[in-house]
Amino acid sequence: MAVDWELAAFLILAVIEIVGSIMVVTSKKLVHAVFWLATTLITIGGVYLLFRAEFVFLIQILVYAGAVPVLFVFGIILTRRKIMEEVTPGEVPQEVPPGGPREGNP
Amino acid sequence: MSDFLVAPNLFTLSKELVGWILKILSDGILAIAPVGSPVEPLRGLGYGLVADSLVTFLAWVVAVLIMIIWAAAIQLLTLMWIERKFYSRLQDRYGIMISIWSLPFWPFSWWARRKHKPTHRGLGYLQNIADGVKLIQKENITPALADSAMFHTAPVLIVSSTLMIFAALPFSDGFVLANMPLSLLFILAAFSIAPLGILIAGWSSNNKYSLIGGMRAAAQLMAYEIPLLLAVVAVLFYSGTLNVIGIVNSQAAPLATIGPISIPKWNIFSIPQFIGFTVFFVAIIAEMERIPFDIPEAEAELVEGWLTEYSGMRFGIVFGFKWLRVLAGSALVVILYLGGWLGPVWTLNANIGGAALAIPILPQEIWFLLKVYTVFLVIVWISWSVPRVRIDQILNIGWKRLIPLALLAILVAAFFAAFGSALGGIR
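Protein sequences, first through last, are from chains A and B. The numbering of the first sequence is this note's numbering, which starts it at 509 and goes up by one. The numbering of the second sequence is this note's numbering, which starts it at 6 and goes up by one.
Quick caveat, the hints were computed from the structure, so don't treat them as lab data. Misleading hints may appear alongside valid ones.
What the hints assert, rightly or not - Straight line, CA to CA, 27 Å or less: simulated BS3-like cross-link-like pairs of lysine-lysine:
#, chain 1, residue 1, chain 2, residue 2
1, B, Lys143, A, Lys537
2, A, Lys536, B, Lys213
3, B, Lys143, B, Lys327
4, B, Lys213, B, Lys327
5, B, Lys213, B, Lys143
To be verified - DEER-style ranges, computed between Cβ atoms:
#, chain 1, residue 1, chain 2, residue 2, range
6, B, Pro349, A, Arg560, 37 to 45 Å
7, A, Ala517, B, Thr158, 18 to 26 Å
8, A, Val511, B, Trp404, 45 to 53 Å
9, A, Ala517, B, Pro186, 16 to 24 Å
10, A, Ile524, B, Pro123, 53 to 61 Å
Unchecked claim - Some chain B residues close to chain A (C-beta under 7 Å, calculated; not the full set):
#, residue
11, Ile26
12, Leu187
13, Phe191
14, Ser197
15, Leu201
For glycine and all other residues, C-beta sits at the position ideal for the given N, C-alpha and C.
One chain only, chain A, in its complex shape (with noise of 0.2 Å):
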């Protein structure tokens, strides 16, 4: 029995484009999102290399991974995310540290 590995290819890399398109836009974290663009971008250079396109393969790797640490930079600069103990302004803290509340620097 012959198989088609290249339908194989194919149909693995669709799944993955497929299942990383969706991701994208339910994520809740918007740098998860960014990640599942890149794998989305990523599996369609390797649709590209099904094709015999190596140079359009290795453009679109180099152009969309160059591209998508930018938009990486900008989902953490315009979301904003607790970073170690950091109380964001007007928020109380959940949690009370035995001993009572700390005095001092608040």
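Model the placement of chain B on the given structure of chain A, informed by the hints.
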């Protein structure tokens, strides 16, 4: 060219090896299962073992394993050893001295005691293995508030993209895994995936130091990717091919001839490529995050930069693979500008097959490794003698100095490539 002068490549060699081993196995099976014996169905297995598809598949596996062991074990350990020994000497001390006689168990410790060998005064090559074993024993800690999935994905991205470089990076004419027409572009594309992994690592560890380190790494790596690629464009005007081996072969024309020895004209000996070499060298040091440009992990400001929160072997592998990127970067410098594995050639007048026999003075692999180690030593020398550059100065150098220089190199290279032959063969 007669056949015996053509260097065998890695894949043919491993196919030969795998073919021999499978042939012996198959002959053994056929011998213990003669026709008519109760185990006769084994003969099918015996015939199946020598099928060409199986041999080819196993040959690829063996070739990939050889390359990974060669690059990610032997070369990695050697580079780390060279660096640690060399900067210790720069700081006027001995550096690492663990040797085989320092091993605290039977044959070595017994022999060292008996022969009164000094236990900690060796070359120090085993120190890095000891450090690796120590890291394997340590616990892998994931910070409580870290983004666990991304935290575990980032090292995979960095390590796999770094290993992908070695699918196309040649160590000589034949010592290359895949010789494809666009291999230079492939290497550069594999190089450019790591910044994504570094950013993910910095963001997901949920630590302000690692986040700052990741952001700095993103700004720096993206700024220096551009002059890197532009400098490569200037080389392409001379070589006319994106194949790494083709680029090396385009530098084979003799520059000078001293008696029977002819010295090849490497790219660095021409004016535009020398400008390109300067740009490429500075940019590759920045891409590797070596010391003049190591603000992403400045130890004095950010604890360990974007890999602060990693521990155990996950830290070890990300930290160690930086040397693998250094190896790939030095190899790229050597391939693009220093003539790769081409060294002085001894030309014999004995005519074999109609052409004069040209014998390289040293084997190709040794030339290549000598040059790579030299470039690496220069990088280490620079990084242990100059202070760190500030982030705004780094970006200034990248955008305002290196990119115009690279564009100048492209212009001059294009001019020489177009009109050089009309001007008397200037290159």
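Hints versus structure:
About 32 Å separates the Cα atoms of Lys143 of chain B and Lys537 of chain A, which puts this hinted pair outside 27 Å; it is violated. Straight-line distance between C-alpha atoms of Lys536 of chain A and Lys213 of chain B comes to about 22 Å, which keeps the hinted pair within the 27 Å bound. For a cut-off of 27 Å, the pair hint linking Lys143 of chain B to Lys327 of chain B stands: about 20 Å separates their Cα positions. Among the hinted pairs, Lys213 of chain B with Lys327 of chain B is consistent with the structure: their alpha-carbon atoms are about 22 Å apart, no more than 27 Å.
The straight-line distance between the Cα atoms of Lys213 of chain B and Lys143 of chain B is roughly 24 Å, inside the 27 Å bound, and the hint therefore holds. Under the hint 37 to 45 Å, the C-beta atoms of Pro349 of chain B and Arg560 of chain A, about 41 Å apart, fit the expected range. With their beta carbons about 22 Å apart, Ala517 of chain A and Thr158 of chain B fall inside the hinted range of 18 to 26 Å. A hinted range of 45 to 53 Å holds for the C-beta pair Val511 of chain A and Trp404 of chain B, which are about 51 Å apart.
Checked against the given bound of 16 to 24 Å, the beta carbons of Ala517 of chain A and Pro186 of chain B, roughly 21 Å apart, stay inside it. Take Ile524 of chain A and Pro123 of chain B: their Cβ atoms lie about 57 Å apart, and the range 53 to 61 Å holds. Annotation: Ile26 of chain B was flagged as interfacial toward chain A, and the flag is violated, the nearest CB pair being 26 Å apart, outside 7 Å. A distance limit of 7 Å between C-beta atoms decides the matter here; for Leu187 of chain B the minimum to chain A is near 5 Å, and the interface restraint holds.
A hinted interface residue such as Phe191 of chain B counts as satisfied when its beta carbon comes closer than 7 Å to some beta carbon of chain A; here the least separation is about 6 Å, so the hint holds. Because the beta carbon of Ser197 of chain B sits about 5 Å from the nearest beta carbon in chain A, less than 7 Å, this interface hint is met. With a cut of 7 Å, the hint placing Leu201 of chain B at the interface with chain A holds, because the nearest CB-to-CB distance is about 5 Å.
The structure does not agree with the numbered hints 1 and 11 stated previously, though it agrees with the rest.
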